[in-house]
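Chemist: Here is what each chain is made of, one letter per residue.
There are 2 protein chains.
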Amino acid sequence: MKFVVIGGDAAGMSAASRAKRNQPDIEVTVLEQTEDVSYSACGMPYNIANPSRELDDLVVRSVKEFRDNGIDLKTGHRAEIIEPSLKMVSGKTAIGDSFKLSYDKLLIATGASPTIPKLPGFDLPGVLTLKNLEDGRKIKNFISSNNVKSAVIIGMGSIALEMCEALRERKIDVVMVKSRPGLLPWMNEKLSEMVSEELKANKIVIYDGHEILSIQKTKDGLKVVCADMELDSQMVIAAIGVTPNSELAKSAGLAVNPDRSIAVDKTLLTSDQNIYAAGDCADAYNVITGKKVWVPLALRANRAGWAVADNVTGSKTELEGIAGTAVFKMFDLQVARTGLTVSEAKAAGFDPADVVITSRSRAHSHPGNTTIAVHMIGDRRSGRLLGVQMVGKEGTAHRIDAPAVALHSKMTVKEFSECDLAYAPPFSPVWDPMLTAANQLSKKM
Amino acid sequence: MKFVVIGGDAAGMSAASRAKRNQPDIEVTVLEQTEDVSYSACGMPYNIANPSRELDDLVVRSVKEFRDNGIDLKTGHRAEIIEPSLKMVSGKTAIGDSFKLSYDKLLIATGASPTIPKLPGFDLPGVLTLKNLEDGRKIKNFISSNNVKSAVIIGMGSIALEMCEALRERKIDVVMVKSRPGLLPWMNEKLSEMVSEELKANKIVIYDGHEILSIQKTKDGLKVVCADMELDSQMVIAAIGVTPNSELAKSAGLAVNPDRSIAVDKTLLTSDQNIYAAGDCADAYNVITGKKVWVPLALRANRAGWAVADNVTGSKTELEGIAGTAVFKMFDLQVARTGLTVSEAKAAGFDPADVVITSRSRAHSHPGNTTIAVHMIGDRRSGRLLGVQMVGKEGTAHRIDAPAVALHSKMTVKEFSECDLAYAPPFSPVWDPMLTAANQLSKKM
Numbered sequence: 001m002k003f004v005v006i007g008g009d010a011a012g013m014s015a016a017s018r019a020k021r022n023q024p025d026i027e028v029t030v031l032e033q034t035e036d037v038s039y040s041a042c043g044m045p046y047n048i049a050n051p052s053r054e055l056d057d058l059v060v061r062s063v064k065e066f067r068d069n070g071i072d073l074k075t076g077h078r079a080e081i082i083e084p085s086l087k088m089v090s091g092k093t094a095i096g097d098s099f100k101l102s103y104d105k106l107l108i109a110t111g112a113s114p115t116i117p118k119l120p121g122f123d124l125p126g127v128l129t130l131k132n133l134e135d136g137r138k139i140k141n142f143i144s145s146n147n148v149k150s151a152v153i154i155g156m157g158s159i160a161l162e163m164c165e166a167l168r169e170r171k172i173d174v175v176m177v178k179s180r181p182g183l184l185p186w187m188n189e190k191l192s193e194m195v196s197e198e199l200k201a202n203k204i205v206i207y208d209g210h211e212i213l214s215i216q217k218t219k220d221g222l223k224v225v226c227a228d229m230e231l232d233s234q235m236v237i238a239a240i241g242v243t244p245n246s247e248l249a250k251s252a253g254l255a256v257n258p259d260r261s262i263a264v265d266k267t268l269l270t271s272d273q274n275i276y277a278a279g280d281c282a283d284a285y286n287v288i289t290g291k292k293v294w295v296p297l298a299l300r301a302n303r304a305g306w307a308v309a310d311n312v313t314g315s316k317t318e319l320e321g322i323a324g325t326a327v328f329k330m331f332d333l334q335v336a337r338t339g340l341t342v343s344e345a346k347a348a349g350f351d352p353a354d355v356v357i358t359s360r361s362r363a364h365s366h367p368g369n370t371t372i373a374v375h376m377i378g379d380r381r382s383g384r385l386l387g388v389q390m391v392g393k394e395g396t397a398h399r400i401d402a403p404a405v406a407l408h409s410k411m412t413v414k415e416f417s418e419c420d421l422a423y424a425p426p427f428s429p430v431w432d433p434m435l436t437a438a439n440q441l442s443k444k445m
Numbered sequence: 001m002k003f004v005v006i007g008g009d010a011a012g013m014s015a016a017s018r019a020k021r022n023q024p025d026i027e028v029t030v031l032e033q034t035e036d037v038s039y040s041a042c043g044m045p046y047n048i049a050n051p052s053r054e055l056d057d058l059v060v061r062s063v064k065e066f067r068d069n070g071i072d073l074k075t076g077h078r079a080e081i082i083e084p085s086l087k088m089v090s091g092k093t094a095i096g097d098s099f100k101l102s103y104d105k106l107l108i109a110t111g112a113s114p115t116i117p118k119l120p121g122f123d124l125p126g127v128l129t130l131k132n133l134e135d136g137r138k139i140k141n142f143i144s145s146n147n148v149k150s151a152v153i154i155g156m157g158s159i160a161l162e163m164c165e166a167l168r169e170r171k172i173d174v175v176m177v178k179s180r181p182g183l184l185p186w187m188n189e190k191l192s193e194m195v196s197e198e199l200k201a202n203k204i205v206i207y208d209g210h211e212i213l214s215i216q217k218t219k220d221g222l223k224v225v226c227a228d229m230e231l232d233s234q235m236v237i238a239a240i241g242v243t244p245n246s247e248l249a250k251s252a253g254l255a256v257n258p259d260r261s262i263a264v265d266k267t268l269l270t271s272d273q274n275i276y277a278a279g280d281c282a283d284a285y286n287v288i289t290g291k292k293v294w295v296p297l298a299l300r301a302n303r304a305g306w307a308v309a310d311n312v313t314g315s316k317t318e319l320e321g322i323a324g325t326a327v328f329k330m331f332d333l334q335v336a337r338t339g340l341t342v343s344e345a346k347a348a349g350f351d352p353a354d355v356v357i358t359s360r361s362r363a364h365s366h367p368g369n370t371t372i373a374v375h376m377i378g379d380r381r382s383g384r385l386l387g388v389q390m391v392g393k394e395g396t397a398h399r400i401d402a403p404a405v406a407l408h409s410k411m412t413v414k415e416f417s418e419c420d421l422a423y424a425p426p427f428s429p430v431w432d433p434m435l436t437a438a439n440q441l442s443k444k445m
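If you read the protein sequences in the order shown, they are chains A and B. Sequential numbering from 1 applies to the first sequence in this note's numbering. Sequential numbering from 1 applies to the second sequence in this note's numbering.
A few of these clues could be false.
Chain copies aren't distinguished; within one or between two, either way the pair holds.
To be verified - As a list, the in silico PhoX-like pairs of lysine-lysine whose alpha-carbon atoms are at most 25 Å apart: (1) 20 / 443; (2) 138 / 92; (3) 20 / 410; (4) 87 / 200; (5) 266 / 223.
Derived from the structure by calculation, the hints contain no laboratory data.
Chain A with its partners taken away, still in its complex shape (with noise of 0.2 Å):
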């Protein structure tokens, strides 16, 4: 059995390595395009905060642990074509060579690129984005060659919010901006105004809402042109967003969606019955709508690229889905979501209600407390749980996992706020935010 895996990080590395000791003899091939293999995107924004880091810390296992584990790991191969009715991938070296391989499966796990705006200037030197291990590193390398003391990042989500973190610890003066108003426009707007106090108070200038129109190239550095406005720096950060890497995929034919997501079943397979993918390439079902979406996070690529490797081996493995479960840091703050906003839980057809609380992290007269808010969000009809979303400053990035399993079980706000949660006084309030916010809720509805 020959499965072929192309792109080595979180999905492809998973499932390779998963195959391999799930069924010894099969023949596994990995081709990626880079050098690198393995590693930890999310970890970037911490390591360029920290000069004296080098990219290389972030990757999880090396390319020879993985060749000496038996997987045949090419690296600087870039797959170009996929015949699915020949069953051969085909592509080019770094170095120019051809090479054709033929699979009995296959798992297209390729991630996503940042995404580019078709404006001029964004190929500019000095432009960069943050996806991949050598882009980490060419950020890391423009700051200490330029003595890089501005930035502007494009773009509000959380790489872009990561990254203010990142370049302060840097000692880089940062603005923000995007084109679209609105800091944070899926969060409620309690809670938005506390990230963006949190951003200010660590001297981030936040413009949203401005129109971008190009970047430029000025005698100093970069221009940065907005409708209404100009910014200058010597960086931009190009945070806006990525896109699914699904052009070899569309052209061998198969299904992929408006999103460019590759559309795949429960068991990770595409409408090829022998090609498979996973990953942040790939859609998945939601637990809550049943629907698909596209949600490019780190777990579900790394589970997604275990089940393939399962069903790749004869264990046939389906995944449920996910509930969309998020969460990052930024300065002091705790950021966190799970399933669906109010807009989202509209659209998808329930009729909801919601509450917004603020509560403490700790029990009444706990020294050290600080506020947690919650916006929580349910179905009239069904009395369902249908999403949470969090700011506070500690115990906010693991509360999120309490409700992220009540969506998995399909549990009313009721049943969700009568659950056992822990006390102790330095931990939370006797009643947790996450139970005052569903007792609140379940009254309203």
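Put chain B on the given structure of chain A with help from the hints.
Modeler: Frame of chain A; chain B shown alone:
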């Protein structure tokens, strides 16, 4: 409608306040034998740690506030006899006057009292317990007026362990002793070793398995006499455990369990249709086994108080039960549990499989990583998750809530292992320690 509540802490005051909110014209009388109501008993160790704070800081709502809300709150009123056939409660006030009250509905919320072994010397001055605010004041006064520099804590439960930290904050040398072997016998050895190491690192001396015979007065203080040794100190804290205060209920002919907790149904009704019981004096259903348990914890007391109020004021409310979720902090360690231990699982008729794993609190290569140990237990026959115990330095307390929710919804280990939990490098590895445990346990089962 006359609603009388015996006991003015968590369950009692929650019930009184909510009944009044639900139905403003209800007559609510609370009989509290001490002068303190509505305080955070769990906060006492942290308050004792800080000489500049008053125990009264732990009061959540004052007597006056309750009275202003229309509750007839009678402090210094000790209920002594309940006559169910007459629907009467009688007792004595602190100054010795008799009182007698009729009720339509009665709530017994008498809490629990520290267990005092029937051994000589436990009544000596300087042998102290910690349950109510007055106990806290006594400990604090004793420490300052005697300039206490050494203490023996008898018992090794959560209060004993929290008191270790409190006393070390006050620069008091602490020795812990108990008659039975095992620091935390319900805990897996690997996890309890982490606890014992943390205690040792903080210069706490642990003597488990030394049969305690008596406490004796010495020239300078007290001596705890064991079968094989003697321990000298200025102060002894007896923190062996607590016993439900059910004498009143028993004398009134209500059903009381062998462990002395008052038997209640899911609506919190005792064996008398006009008498409820809630809080540390009452039992509850365990959501995993469906059987009765007695777990004296603050959240379930508050929740049960609310449920009683709802039932008394006409909206029938049932509580499914508790998962037995508990957490405590001990120096830098967080110790958490939910559900059953292996031996509890066996006793309940399950066929338990379990794994103990250690993982990291943050992502691979993220600075500040610490170890988290997870002990997870599942049922071989049904595949169900049965319990989780955890020890770690960060993110342990809140992590326990996810499996607690899974226990409420009777998830299998496999289902739990597929939950979409949060990941970001500062907060967890891609595979959260909880998921790593679930993955391994699922494979084993």
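Chemist: Tell me the hint numbers this structure goes against, listed in increasing order.
Modeler: Of the numbered hints given earlier, those the structure breaks are 3, 4, 5, listed in rising order.
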